[in-house]
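The whole structure should be built from the sequences, with the hints applied where relevant.
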Amino acid sequence: MPKDITLTIDGQTVTAPAGTLVVDAAKRIGINIPVFCYHPKLEPVGMCRMCLVEIGRPVIDRTTNNPVFEADGKPKIQFGPKLETACTTPISEGMVVVGLSDKVKAARKDVLEFLLTSHPLDCPICDKGGECPLQNQTLEYGSADSRFLLDEKMRLSKHVPLGDLIFLDRERCIQCARCVRFQTEIVDDPVIGFYNRGRKLEIITDSQPGFDSIFSGNTTDICPVGALTTADFRFGARPWEMNNAASLCTHCPVGCNTTINVRREAKTGGNVSIKRIMPRQNETVNEIWMCDKGRFAYHFADSPDRLKNPLIRKGSELFQTTWTEALSAASEKIKQAGSGLVTLASGRLTNEDIYNLRKLTETQGGTFIGYSRMAGGEIVNRFGMLPGSNLGDLGKDSVIVVVSSDLHEEAPIWWLRVREAVKRGAVLISISIRPTRLDKIAAKTLRVEPGREALAVDAILTGDMADIVKQAKHLLVFYGSDGLGRKATGQLAAACARLLETSGHARRINSGLIPVWERGNTQGLWDMGAHPADQIVERIASARVLLVAGADPANDDPMMERALEKTEFLIVQDLFATATARKADIVFPVLAFTEREGTYTSGERRVQRFYPAVPAPEGLKADYEIAAEMGAELGLALESSAASLVFQQLAAEIPQYSGLTYPLLAKTSDQWPIVGRPDVYFGGTSYANRQGLGIHLPLLPLEDFEIPSGDLDMSLHPDAHELAVYPVTRLLDRGITVTTSPLLASRLAQADLFIHPATARKMFLNADMQVMLPVDGAAYPVRIVLDETVPEGAALIPRSAGVPIHEPQVAQVAPPVGDHASRVRS
Amino acid sequence: MNEFFVQNTEAIQKILSAYPAGNKRPAVMPLLYLAQRTNGFIQKKTLDEIAEILEITPTEVASIVGFYTLYHDEPGGRYHLQVCTDLPCALRGADRFLQDLCDNLGIKVGETTADGLITIEEVKCLAGCHHAPLFQVQGDGDISYHEDQTVDAAMQLIAELKKKAAEREGTNA
Amino acid sequence: MSAYILYRHRDIPNLNQLDVYQKNGGFEAIKKAIKTMSPAAVLNEVKDSGLRGRGGAGFPTGMKWSFLPGNLWPHYVVANADESEPGTFKDREILESNPFQFLEGLMLAAYAVQANDAYIYLRGEFWQIARRLDTCIEELYAEGLLGDKLFGTKYSLRLHTHLGAGAYICGEETALLESIEGHLGQPRLRPPFPATFGLFGKPTVINNVETLTNLPPIIEKGAAWFKTLGTEKSPGVKIFSLSGCVNKPGNYELPLGTTFRELIFTHGGGIPDGRTIKAIMSAGASSVIVPADDRALDTPMDYESTQANLNAPLGSASVIILDDSVNMAWLVNKTVHFFRHESCGKCTPCREGTYWMSHLTRRIAAGEAAPDDIDLLNIVARQMQGKCLCALGEFSTMAVTSGIEKFRADFEKLVNH
Ligand SMILES: Cc1cc2nc3c(=O)[nH]c(=O)nc-3n(C[C@H](O)[C@H](O)[C@H](O)COP(=O)(O)O)c2cc1C
Ligand code: SF4
Ligand code: FES
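Those protein sequence lines, which keep their order, are chains E, R and P. Under my numbering, the first residue of the first sequence carries the number 34, and numbering increases by one thereafter. Under my numbering, the first residue of the second sequence carries the number 31, and numbering increases by one thereafter. Under my numbering, the first residue of the third sequence carries the number 79, and numbering increases by one thereafter.
These are calculated hints, taken from the structure and not from any lab test. No experiment lies behind these values; they were computed from the predicted model shown. Check the hints yourself; a few may be wrong.
[Said to hold, decoys possible] BS3-like cross-link-like pairs, simulated, lysine-lysine; straight-line CA separation at most 30 Å:
no.: 1; chain 1: E; residue 1: Lys191; chain 2: R; residue 2: Lys74
no.: 2; chain 1: P; residue 1: Lys110; chain 2: P; residue 2: Lys299
no.: 3; chain 1: P; residue 1: Lys280; chain 2: E; residue 2: Lys477
no.: 4; chain 1: R; residue 1: Lys44; chain 2: P; residue 2: Lys280
no.: 5; chain 1: R; residue 1: Lys54; chain 2: R; residue 2: Lys138
no.: 6; chain 1: E; residue 1: Lys115; chain 2: E; residue 2: Lys138
no.: 7; chain 1: E; residue 1: Lys109; chain 2: E; residue 2: Lys136
no.: 8; chain 1: E; residue 1: Lys477; chain 2: E; residue 2: Lys503
no.: 9; chain 1: P; residue 1: Lys109; chain 2: P; residue 2: Lys227
no.: 10; chain 1: P; residue 1: Lys280; chain 2: E; residue 2: Lys473
no.: 11; chain 1: E; residue 1: Lys115; chain 2: P; residue 2: Lys311
no.: 12; chain 1: P; residue 1: Lys280; chain 2: E; residue 2: Lys456
no.: 13; chain 1: E; residue 1: Lys191; chain 2: E; residue 2: Lys142
no.: 14; chain 1: R; residue 1: Lys54; chain 2: E; residue 2: Lys233
no.: 15; chain 1: E; residue 1: Lys115; chain 2: P; residue 2: Lys484
no.: 16; chain 1: E; residue 1: Lys186; chain 2: R; residue 2: Lys138
no.: 17; chain 1: P; residue 1: Lys125; chain 2: P; residue 2: Lys305
no.: 18; chain 1: E; residue 1: Lys186; chain 2: E; residue 2: Lys138
no.: 19; chain 1: E; residue 1: Lys74; chain 2: E; residue 2: Lys109
no.: 20; chain 1: R; residue 1: Lys54; chain 2: P; residue 2: Lys280
no.: 21; chain 1: P; residue 1: Lys232; chain 2: R; residue 2: Lys54
no.: 22; chain 1: P; residue 1: Lys484; chain 2: E; residue 2: Lys136
no.: 23; chain 1: E; residue 1: Lys473; chain 2: R; residue 2: Lys75
[What the hints assert, rightly or not] Footprint (simulated), chain P over chain E, 3 or more residues, beta carbon under 8 Å:
no.: 24; region: 74–86
no.: 25; region: 223–234
C-beta atoms are modelled at their ideal positions from N, C-alpha and C, and glycine is treated no differently.
So this is what it looks like as structure tokens:
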């Protein structure tokens with residue numbers, strides 16, 4: 034812990050840890066020193082000169098090394114001849130900072146006048162108007178009239194697309210370099226930069242596609258003026274016209290805290306619509322960042338294709354029906370099915386939904402299955418992070434192992450936070466079948482043969498990193514499903530738990546296992562008791578009633594699709610008419626996360642709460658409500674009136690959740706650095722978190738638990754003419770929640786098969802060739818892409834990009850000639 | 031394939047060896063000179079190739095090109111004739127000299143002669159104030175100083191440059 | 079033998095050839111240092127000599143070297159051959175005509191701080207000079223004067239040239255380091271200073287070409303000899319670059335403490351066309367404008383006297399002479415445009431201030447300004463002062479505020495058209 038230092042700022046005494054900058058020490062006591070270039074998350078540069086203050090330091094007698102005192106007994110303070118930048122000067126003992134003198138005020142006025150000489154002052158039509166530090170400073174320090182001749186102002190282009198997502202207004206830019214520094218320092222994508230110099234400095238990008246970074250949206254938050262705007266929000270609304278709701282990102286297991294801004298609009302018939310989604314400060318989860326998928330892929334919620342009424346099958350067609358009819362038909366079937374009821378629930382659902390669905394299923398004696406391609410949740414619940422752990426605390430004396438996960442693609446904010454930890458001194462060991470962006474920051478990269486990942490994890494403690502791992506104070510292990518099927522991920526989780534246990538890190542603070550689940554609430558599935566099951570195809574086929582919620586097996590796997598044909602009666606709860614819903618006998622339309630409340634549990638096992646952002650559309654119900662209402666027809670007493678009440682029930686029943694309540698989840702406390710409080714922050718957008726930091730779950734006891742063991746070698750052995758095909762995850766896949774956001778369309782993963790050029794030569798395949806890829810008895814057209822990072826003999830295919838592939842498998846790809854294509858899906 | 035690297039492998043490796051191992055970025059300025067020497071200006075393709083060699087982004091390379099005035103990312107004349115008109119030179123008639131030279135060539139400052147040979151530019155102090163008027167000629171991968179100039183002498187030099195360019199074309203053909 | 083210390087080539091033909099330089103005592107100093115002196119002894123000799131940096135700031139050279147921490151390695155030495163201040167052209171002559179003495183000086187500095195790699199940062203316009211230096215360096219390797227295990231000791235040294243590409247700001251030492259590292263030439267925040275966090279983040283000494291060229295004679299002849307030249311606080315000789323309205327502009331190597339009068343009238347041949355001298359700028363375009371009265375002309379040119387008498391720094395001693403035909407509003411327009419062109423753009427006051435001033439000075443010089451614009455110009459300049467990140471921004475205001483203060487009539491003549 035750095036030592037504490039005491040100083041005075043504008044007459045008030047403040048104590049802060051050594052290393053704190055004057056500007057941040059001032060914030061602690063509510064004193065706002067204006068800044069533009071400074072941002073507490075970025076290295077200080079001291080270039081805008083807005084934060085100039087007078088700084089005095091105690092005079093030290095060089096001979097005795099003691100402070101010199103004035104006649105009145107106070108320490109003698111010496112002020113420098115020049116003003117100093119509060120944003121770059123660390124505090125020191127006895128320092129006296131004056132931020133309110135005439136000299137300082139004059140300097141602020143001067144610097145502000147300089148900034149405004151070339152600024153267009155187009156606040157009335159600016160997206161940042163109302164949350165703009167420059168505008169606020171101008172109100173405080175600006176003068177009413179300009180001494181600068183209007184026609185000598187720089188005239189620059191105002192609508193420069195830096196890419197599909199971000200627009201630049203060159204006139205508004207004040208050259209603070211926050212965006213450039215963010216891209217360089219925080220996310221290591223230096224794809225925007227300055228061009229030219231002096232007053233001609235301007236932001237450019239030279240990347241293909243433009244501003245090619247999955248974190249680009251964050252620059253629009255930290256831009257202290259309205260120079261950077263998202264294509265999504267641009268001209269959308271004025272900040273003060275909008276209401277906001279605390280929410281969560283549902284796309285990945287990180288669980289970024291977000292704020293949803295909404296406005297009532299004429300163009301949607303007076304309805305409230307979402308204008309933008311922004312990060313909400315949670316220093317233990319996402320700090321103040323989020324990735325572009327979370328920021329832009331929310332339009333599925335306002336898609337016109339959403340289901341609006343319950344549907345019921347009559348013959349070969351689905352017809353609209355009433356809730357009453359649909360509910361009673363469904364419950365009638367469920368009652369008849371008894372233990373023939375099988376429920377598939379996915380990690381897209383909230384804890385409340387999953388809980389009610391489980392209750393409904395269990396009371397009928399049915400089978401409740403967590404629909405997930407990954408295993409290991411029961412291990413995570415015992416070897417996960419302890420409450421109080423924080424990725425932000427990892428640094429020197431920490432080791433982080435990431436195995437089989439391209440974190441940058443699968444859980445971008447975890448990648449960012451691992452990178453920050455490495456910058457603070459953490460040692461990263463990256464284990465994967467192919468290079469990922471982690472390799473660049475890894476102290477050790479272990480390239481393993483596909484299928485032998487768990488063996489590699491087991492070998493860590495006998496390898497050259499063994500001592501470093503054992504001696505580390507913290508050991509954090511991420512495991513994912515890059516190229517792995519369900520069984521293999523289970524073995525991997527077990528291997529990781531063994532590593533933690535053997536190295537002595539199990540169940541210690543800032544140590545443990547983090548699963549890179551494929552959905553936002555897969556952890557909730559495990560916690561609520563929905564485990565993935567073996568023989569799912571058979572179970573689907575033999576179900577008397579299959580209830581599918583938040584999942585689309587027909588689209589995921591041709592074997593499941595065929596099995597669904599055999600299911601006696603199919604009930605689906607979904608937002609859209611998915612392939613599975615189209616096969617259903619009854620379809621219930623559900624509310625999107627923006628229209629309701631609930632909780633999700635992140636991969637770190639933090640339970641977090643989200644709130645409705647827009648009113649629930651007429652005629653739709655939340656998943657938990659539907660389950661409860663079906664239950665009611667069966668005589669079950671499940672909560673249907675409020676998610677908070679469901680939560681009460683589940684907290685009473687599930688030990689880890691015991692004692693948790695909605696009000697507890699809504700609690701907040703002071704966060705450092707201060708970036709959320711609008712009164713002392715000039716970051717631009719407000720990240721204030723007033724609606725909950727979430728609660729970290731305790732671990733389940735270890736008694737009676739044994740880490741499973743089994744055959745760890747899962748490698749495939751293709752013949753010479755075959756390929757081993759491995760599914761991998763891409764951030765922007767073609768899932769329904771992503772494809773409904775037109776802005777991201779050009780960046781979506783394609784149905785491409787990535788192979789090494791040597792493999793291609795051997796198999797007589799060429800780049801860009803269209804071939805048929807057989808998967809579980811069907812065949813799909815894919816394009817060959819040559820990629821030297823793919824292991825030889827293997828082929829990688831992005832998940833959810835048009836080819837339904839769940840498990841790694843051996844396949845014989847064929848050029849699309851003759852009738853190799855056994856069955857082509859349209 | 032990185033054509034720029036293939037064509038200049040030896041030179042590039044020599045440049046890289048001047049900087050600490052593992053730190054390639056300092057080579058960006060020398061590589062840009064190398065690129066400019068071959069084409070007279072820095073083409074986007076070469077810029078991308080330099081970025082690839084140095085393992086930095088094209089944007090970072092473009093930033094360097096934009097900041098430093100001796101790099102050109104657009105084709106200009108084959109030779110950039112850059113006259114210093116800064117204070118000490120101006121005190122010794124540099125502004126006048128520039129004007130007369132332009133009049134003689136029939137172009138304005140910043141323009142290129144119709145044959146594409148000469149672009150006339152005005153530059154800041156060249157560290158030759160005691161030999162004003164002076165200019166430098168940037169082209170063919172070289173920068174040469176021409177001091178104590180008169181318009182006649184400059185026109186003669188231009189004639190020589192023209193001859194030189196023609197000869198080069200001849201030998202190249 | 080030569081009467082010159084730095085410009086010995088003026089007496090010795092072909093001194094830029096290695097054999098000629100060696101025949102005239104070249105590389106004796108570095109041999110003496112490496113073979114017979116400890117690095118600390120070299121450093122102390124330089125400290126004792128009282129040599130001060132010739133790049134502008136006049137900081138004591140030996141003291142600068144002594145700031146390098148002994149527990150952080152490697153160390154680097156960088157020669158500042160950016161020479162871009164308008165009116166400065168002294169280093170170029172050394173580099174062209176006496177390059178080996180400069181290189182030997184650089185080697186001495188490197189040995190003193192135990193650097194194994196030294197870089198020479200030249201402005202891009204010095205393309206041909208750089209190529210010639212490269213050849214010189216090759217010759218030194220071939221002669222065994224550079225490279226591994228010099229003169230049978232464990233000490234190794236490599237020299238490298240690095241060309242800038244047209245940016246005055248890269249003369250500022252931290253911008254220079256950024257430029258070598260392949261970044262925009264924008265100054266760094268200080269602290270940390272280059273002595274602890276310099277090139278590639280390592281302890282670094284940065285010295286001007288002329289400063290370094292002084293080193294071989296100091297090591298050869300000793301600190302005591304050096305102190306016999308110049309003044310007590312500013313020992314040694316200095317090269318004065320004389321330019322502007324003077325009969326014989328050029329470089330003059332003279333003892334520090336020589337008066338302006340002697341430089342201009344004895345050496346520089348006085349003012350041409352029977353005109354009278356009106357003002358002097360002592361440190362190039364960055365200087366204040368000093369009215370050339372007797373007090374000014376009789377001021378000795380050393381670091382203390384110009385500051386004390388004229389409130390003007392000696393800087394790099396680039397003396398620009400202005401005669402009575404020069405209107406100071408015209409002059410200020412020239413200097414301001416220079417700084418506007420060269421501002422790196424990193425900090426607000428300089429980026430916006432030079433831009434704003436350039437509009438005002440243009441209008442004033444063109445006779446399009448209103449009388450109020452003179453005061454506004456003065457205000458804008460003062461508004462920049464004390465707020466910029468580096469000295470360039472401050473430099474840009476020097477001629478403006480002093481020009482308006484001392485020669486307001488020149489400005490008024492143009493606005494009251
Ligand atoms: C804007 C600016 C430009 C400078 N230009 C040069 C230059 O061209 N050459 C030089 O030697 N020093 C220049 N300096 C001074 C250097 O920053 C530095 O003080 C000097 O190289 C140190 O060497 P010395 O101690 O040997 O004088 C400049 C300083 C500033 C602020
Ligand atoms: S004063 Fe500021 S803008 Fe000017 S050169 Fe220095 S850092 Fe750059
Ligand atoms: S200089 Fe301190 S905030 Fe910009």
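So, going through the hints one by one against the coordinates:
1. For the proposed pair E/Lys191 and R/Lys74, the alpha carbon gap of about 25 Å is at most 30 Å, so the pair holds.
2. A hinted pair counts as satisfied when its Cα atoms are at most 30 Å apart, and P/Lys110 with P/Lys299 qualifies at roughly 11 Å.
3. Restraint check for P/Lys280 and E/Lys477: satisfied, since their Cα atoms lie roughly 26 Å apart, inside the 30 Å limit.
4. Distance restraint check for R/Lys44 and P/Lys280: the Cα-Cα separation of roughly 23 Å lies within the 30 Å cut-off, and the hinted pair is therefore satisfied.
5. Taking the CA atoms of R/Lys54 and R/Lys138, the gap is near 40 Å; set against the 30 Å cutoff, the hint is violated.
6. Only pairs whose Cα atoms come within 30 Å are accepted, and E/Lys115 paired with E/Lys138 is accepted, the gap being roughly 14 Å.
7. With a C-alpha separation of about 21 Å, the suggested pairing of E/Lys109 with E/Lys136 holds against the 30 Å cut-off.
8. A C-alpha spacing of about 15 Å is found between E/Lys477 and E/Lys503, which places the hinted pair at or below 30 Å, so the restraint holds.
9. For the proposed pair P/Lys109 and P/Lys227, the alpha carbon gap of about 12 Å is at most 30 Å, so the pair holds.
10. Distance check on the hinted pair: P/Lys280 and E/Lys473 sit about 23 Å apart at the alpha-carbon level, within 30 Å; holds.
11. Restraint check for E/Lys115 and P/Lys311: satisfied, since their Cα atoms lie roughly 27 Å apart, inside the 30 Å limit.
12. Simply put, P/Lys280 and E/Lys456 have alpha-carbon atoms about 19 Å apart, close enough for the 30 Å limit, and the pair holds.
13. Only pairs whose Cα atoms come within 30 Å are accepted, and E/Lys191 paired with E/Lys142 is accepted, the gap being roughly 26 Å.
14. For the hint linking R/Lys54 to E/Lys233, the alpha-carbon distance of about 28 Å falls within 30 Å, and the restraint holds.
15. At roughly 25 Å between alpha-carbon atoms, E/Lys115 and P/Lys484 fall within 30 Å of each other, so this suggested pair holds.
16. With a C-alpha separation of about 25 Å, the suggested pair E/Lys186 and R/Lys138 falls inside the 30 Å cut-off, and the hint holds.
17. In summary, the hint linking P/Lys125 to P/Lys305 is supported, as the alpha carbons are separated by about 11 Å, within the 30 Å threshold.
18. Restraint check for E/Lys186 and E/Lys138: the C-alpha separation of about 25 Å stays at or below 30 Å, so the hint holds.
19. Between E/Lys74 and E/Lys109, the direct Cα distance comes to roughly 35 Å. Violation of the 30 Å bound is thereby established for this hinted pair.
20. Restraint check: the Cα-Cα separation between R/Lys54 and P/Lys280 comes to about 17 Å, which is no more than 30 Å; the hinted pair holds.
21. Only pairs whose Cα atoms come within 30 Å are accepted, and P/Lys232 paired with R/Lys54 is accepted, the gap being roughly 28 Å.
22. Taking the CA atoms of P/Lys484 and E/Lys136, the gap is near 26 Å; set against the 30 Å cutoff, the hint holds.
23. In summary, the hint linking E/Lys473 to R/Lys75 is supported, as the alpha carbons are separated by about 26 Å, within the 30 Å threshold.
24. Residue count for the region 74–86 of chain E with a Cβ under 8 Å from a Cβ of chain P: 8. That meets the three needed, and the coverage hint holds.
25. Counting residues of the region 223–234 of chain E whose CB lies closer than 8 Å to any CB of chain P gives 7, so the stated coverage by that chain holds, three being the minimum.
Hints 5, 19 from the list above are not met by this structure, while the remaining hints are.
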